[in-house]
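**Q** Heads up: the sequence lines are chains A and B, in that order.
Residue 1 is where the first sequence starts when you use this note's numbering, and the numbers rise one by one after that.
Residue 1001 is where the second sequence starts when you use this note's numbering, and the numbers rise one by one after that.
To be clear, the hints were calculated from the coordinates, so they are not data collected in a lab.
Because the structure is a prediction, the values reported are computed rather than measured.
Errors might be hidden in some of the hints.
[Stated by the list, open to error] Below, a list of computed lysine-lysine pairs in the BS3-like style, where the Cα atoms sit at most 27 Å apart:
| no. | chain 1 | residue 1 | chain 2 | residue 2 |
| --- | --- | --- | --- | --- |
| 1 | B | Lys-1027 | A | Lys-177 |
| 2 | A | Lys-252 | A | Lys-233 |
| 3 | B | Lys-1027 | A | Lys-146 |
| 4 | B | Lys-1046 | A | Lys-146 |
| 5 | A | Lys-147 | A | Lys-182 |
| 6 | A | Lys-69 | A | Lys-92 |
| 7 | B | Lys-1035 | A | Lys-182 |
| 8 | A | Lys-173 | B | Lys-1046 |
| 9 | A | Lys-147 | B | Lys-1035 |
| 10 | A | Lys-252 | A | Lys-236 |
| 11 | A | Lys-177 | B | Lys-1035 |
| 12 | A | Lys-173 | B | Lys-1027 |
| 13 | B | Lys-1027 | A | Lys-233 |
| 14 | B | Lys-1074 | A | Lys-151 |
| 15 | B | Lys-1027 | A | Lys-179 |
| 16 | A | Lys-179 | B | Lys-1046 |
| 17 | B | Lys-1055 | A | Lys-151 |
| 18 | B | Lys-1046 | A | Lys-177 |
| 19 | B | Lys-1035 | A | Lys-151 |
| 20 | A | Lys-147 | B | Lys-1046 |
| 21 | A | Lys-151 | A | Lys-173 |
| 22 | A | Lys-233 | B | Lys-1035 |
| 23 | B | Lys-1035 | A | Lys-146 |
| 24 | A | Lys-151 | B | Lys-1046 |
| 25 | B | Lys-1027 | A | Lys-147 |
| 26 | B | Lys-1035 | A | Lys-173 |
| 27 | B | Lys-1055 | A | Lys-179 |
| 28 | B | Lys-1027 | A | Lys-182 |
[Said to hold, decoys possible] Covered stretches of chain A (chain B as the covering partner; in silico rule of three or more C-beta atoms under 8 Å from a C-beta of chain B):
| no. | stretch |
| --- | --- |
| 29 | 111 to 124 |
| 30 | 149 to 161 |
| 31 | 220 to 230 |
| 32 | 262 to 276 |
| 33 | 294 to 305 |
Ideal Cβ positions, reconstructed from N, Cα and C, are used throughout, including at glycine.
Next come the chains, spelled out residue by residue.
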Amino acid sequence: MKRVLAIFMIVVATVVLPATVKASGDNQEEINPQEIIFHHLGDAYGWEVPFSHEYRIPLPIIVNDNAGKWHVFSSARLSEGGTFADGGAEYKIATGGDYSGKVVQVLADGSEYRPCDISITKDVCALFIASLLVAWMAFALVRFYKKNGMKAPRRGMGAAEMLVDFIYTGVLKDSLKEKAPKYAGYLLTVFFLIFFMNLLGLIVIFPGGANLTGNIAVTLVLAVCTFVITNVKGNKHYWKDIFWPDVPLWLKFPLPIMPLIEVFGMFTKPAALCIRLFANMMGGHMIVIVLTLLIFIFAKFGAAVLSVTTVVSMAFSLFMLLLDVLISFIQAYVFTMLSTLFISLAVCGGGEEEKKVTA
Amino acid sequence: MELFTPDFGLVFWMFVTVVVMCVILGKFAWPYIIKSMGDRADLIDKGVLYAQEAKEQLDNAKSEADKFILEAKKQQSEILREAARMKAQIIEEAKEAASVEAQKVMDAAKVAIEQERKEAELQFRNEVSSFAIRIAEKLLRERMADNKAQSQLVEKLLDEIETKN
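Generate the whole structure from the sequences, applying the supplied hints.
**A** Here's what the structure looks like:
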């Protein structure tokens, strides 16, 4: 029965879907894949709902105008390229130029001024949702322990506990030893934030769909946090390793070759963290979108090609999405593991033998 | 390339969120979760250790009980042997005591019998002598019925006395 259903679904997919695509594609202009891809990967002032390009969930826009005054208004007021005047300042979403897609202030002389913009955009909203989910998960566990004492949590809570344990004992305890509890607050939070943001990004409709960890701003902040902790908490041994490493004297004395490389390494390590997460997640999203777009690109070559493309690209995007679930976990894990490693090298070095890291 | 230039708004909110989350979760959630998991692991470890010890004790108790039983059996047989020995000894002693007692009784009886015999002998002799005297009296009376005979006897006796002297 299940097999019959599966075959039926495939037949429907090959026959019906191309037909609808054809029907909807006929009276539309040529599609622009690049624009669509970047539209999906980028940020927005409203949150799209399924099956509608017009209606978006409005989100608050918070801007500081050129006079230093704060303005808060709904993004619905700027939809469809409209302008909105709030207390003498006129705003619109730029359609071209340097600030394309961003809220800009239209000055009296007609020029565009980009205000300081801390709007709750789609990405920020998704970030809040992910944070709330993480907090909800963590406090659900805490509540469970408070209520049930020494009992072990089951099902979802058990999975959450297993993840915490996996990261804490498997990663933090191994590298940081007795200092693990001190950095657990940051590292566990970062792991779960990244993990939840990754997974939410894979859900296509409302609570998800924002390409958060595939946005360089997000990964940059995370990497900077790791960088700051590493260098602020770095001990004597860490700094000695940077400025006076254990290498032959000629490598560091008249010309500080090794110290230069080490100082450079200080920055490349978190930069690698930032780029790795960003590129992985953005790449995953991009591949899925491109595979889906293939259907529309091949639509003009006739029904037969369209059918085949539909099935193939759907199968591939399904596979890629499943792979992305795995990548979501792996990238969150890798980010946490490397952050732990960098921090442990900075705070635990000296006493014991140090591990050589090539990250 | 909008994707590669970090947007200030998002950086700002991301930073705020990360800091707030780290502070809240790092203070109230993770330490408690980690502590609870550690406590539970300790409890389980303790339980396992306890169970192992209990099992060991049980095994020990079994062997100990066996040892006790063996000991008890040994003691039992020893006691039985001792009892048998004592029984034999008591019988022996009793026999000895009985024989001594019997000897005593026999000795006493012997003494009594001897005395009886002596008394009887004495009595018998007295009686015999009294019989003899009576007989002699009777005989004498018969024979001495006449004076002649009497004087004859006196004569004779005197003679005898004379000859003896």
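**Q** Run every hint past the structure and note whether it holds.
**A** To see whether the hints hold, each was checked on the structure:
Among the hinted pairs, B:Lys-1027 with A:Lys-177 is consistent with the structure: their alpha-carbon atoms are about 20 Å apart, no more than 27 Å. In summary, the hint linking A:Lys-252 to A:Lys-233 is supported, as the alpha carbons are separated by about 25 Å, within the 27 Å threshold. A C-alpha spacing of about 16 Å is found between B:Lys-1027 and A:Lys-146, which places the hinted pair at or below 27 Å, so the restraint holds. Distance check on the hinted pair: B:Lys-1046 and A:Lys-146 sit about 21 Å apart at the alpha-carbon level, within 27 Å; holds.
This hinted pair checks out: A:Lys-147 and A:Lys-182 have alpha carbons roughly 26 Å apart, not beyond 27 Å. Among the hinted pairs, A:Lys-69 with A:Lys-92 is consistent with the structure: their alpha-carbon atoms are about 17 Å apart, no more than 27 Å. Among the hinted pairs, B:Lys-1035 with A:Lys-182 is consistent with the structure: their alpha-carbon atoms are about 13 Å apart, no more than 27 Å. Simply put, A:Lys-173 and B:Lys-1046 have alpha-carbon atoms about 21 Å apart, close enough for the 27 Å limit, and the pair holds.
The hinted pair formed by A:Lys-147 and B:Lys-1035 meets the criterion: a straight-line CA distance of about 15 Å does not exceed 27 Å. The suggested pairing of A:Lys-252 with A:Lys-236 holds, with an alpha-carbon distance near 18 Å, which does not exceed 27 Å. A threshold of 27 Å between alpha carbons decides the hint, and for A:Lys-177 with B:Lys-1035 the separation of about 15 Å falls inside it, so the pair holds. A hinted pair counts as satisfied when its Cα atoms are at most 27 Å apart, and A:Lys-173 with B:Lys-1027 qualifies at roughly 18 Å.
Straight-line distance between C-alpha atoms of B:Lys-1027 and A:Lys-233 comes to about 19 Å, which keeps the hinted pair within the 27 Å bound. Between B:Lys-1074 and A:Lys-151, the direct Cα distance comes to roughly 52 Å. Violation of the 27 Å bound is thereby established for this hinted pair. Restraint check for B:Lys-1027 and A:Lys-179: the C-alpha separation of about 16 Å stays at or below 27 Å, so the hint holds. Taken as a hint, the A:Lys-179 and B:Lys-1046 pair is honoured in the structure, with Cα atoms around 25 Å apart against an allowance of 27 Å.
Taking the CA atoms of B:Lys-1055 and A:Lys-151, the gap is near 24 Å; set against the 27 Å cutoff, the hint holds. This hinted pair checks out: B:Lys-1046 and A:Lys-177 have alpha carbons roughly 23 Å apart, not beyond 27 Å. For the proposed pair B:Lys-1035 and A:Lys-151, the alpha carbon gap of about 13 Å is at most 27 Å, so the pair holds. Restraint check for A:Lys-147 and B:Lys-1046: satisfied, since their Cα atoms lie roughly 22 Å apart, inside the 27 Å limit.
The suggested pairing of A:Lys-151 with A:Lys-173 holds, with an alpha-carbon distance near 23 Å, which does not exceed 27 Å. Taking the CA atoms of A:Lys-233 and B:Lys-1035, the gap is near 24 Å; set against the 27 Å cutoff, the hint holds. Our distance criterion of 27 Å between C-alpha atoms is met by B:Lys-1035 and A:Lys-146, whose separation comes to about 12 Å. The suggested pairing of A:Lys-151 with B:Lys-1046 holds, with an alpha-carbon distance near 15 Å, which does not exceed 27 Å.
For the given pair, B:Lys-1027 sits about 19 Å from A:Lys-147 by alpha-carbon distance, which is consistent with the 27 Å threshold. Distance restraint check for B:Lys-1035 and A:Lys-173: the Cα-Cα separation of roughly 13 Å lies within the 27 Å cut-off, and the hinted pair is therefore satisfied. Between B:Lys-1055 and A:Lys-179, the direct Cα distance comes to roughly 38 Å. Violation of the 27 Å bound is thereby established for this hinted pair. Proposed proximity of B:Lys-1027 and A:Lys-182 is supported: the alpha carbons are some 10 Å apart, at most 27 Å.
Judged by the Cβ-Cβ criterion of 8 Å, the stretch 111 to 124 of chain A is covered by chain B as claimed, because 8 of its residues qualify and three suffice. Against chain B, the stretch 149 to 161 of chain A contributes 3 residues with a C-beta closer than 8 Å to a partner C-beta. That satisfies the three-residue criterion, and the hint holds. Only residues whose C-beta sits within less than 8 Å of a C-beta in chain B count toward coverage, and the stretch 220 to 230 of chain A has 4 of them, enough to reach three; the restraint holds. For the stretch 262 to 276 of chain A, the stated coverage by chain B is violated: 0 residues have a C-beta nearer than 8 Å to a C-beta of that chain, whereas at least 3 were required.
Restraint check on the stretch 294 to 305 of chain A versus chain B: 0 residues with Cβ-Cβ distances below 8 Å, three needed, restraint violated.
Checked against the numbered hints listed earlier, the structure breaks hints 14, 27, 32, 33; every other hint is satisfied.
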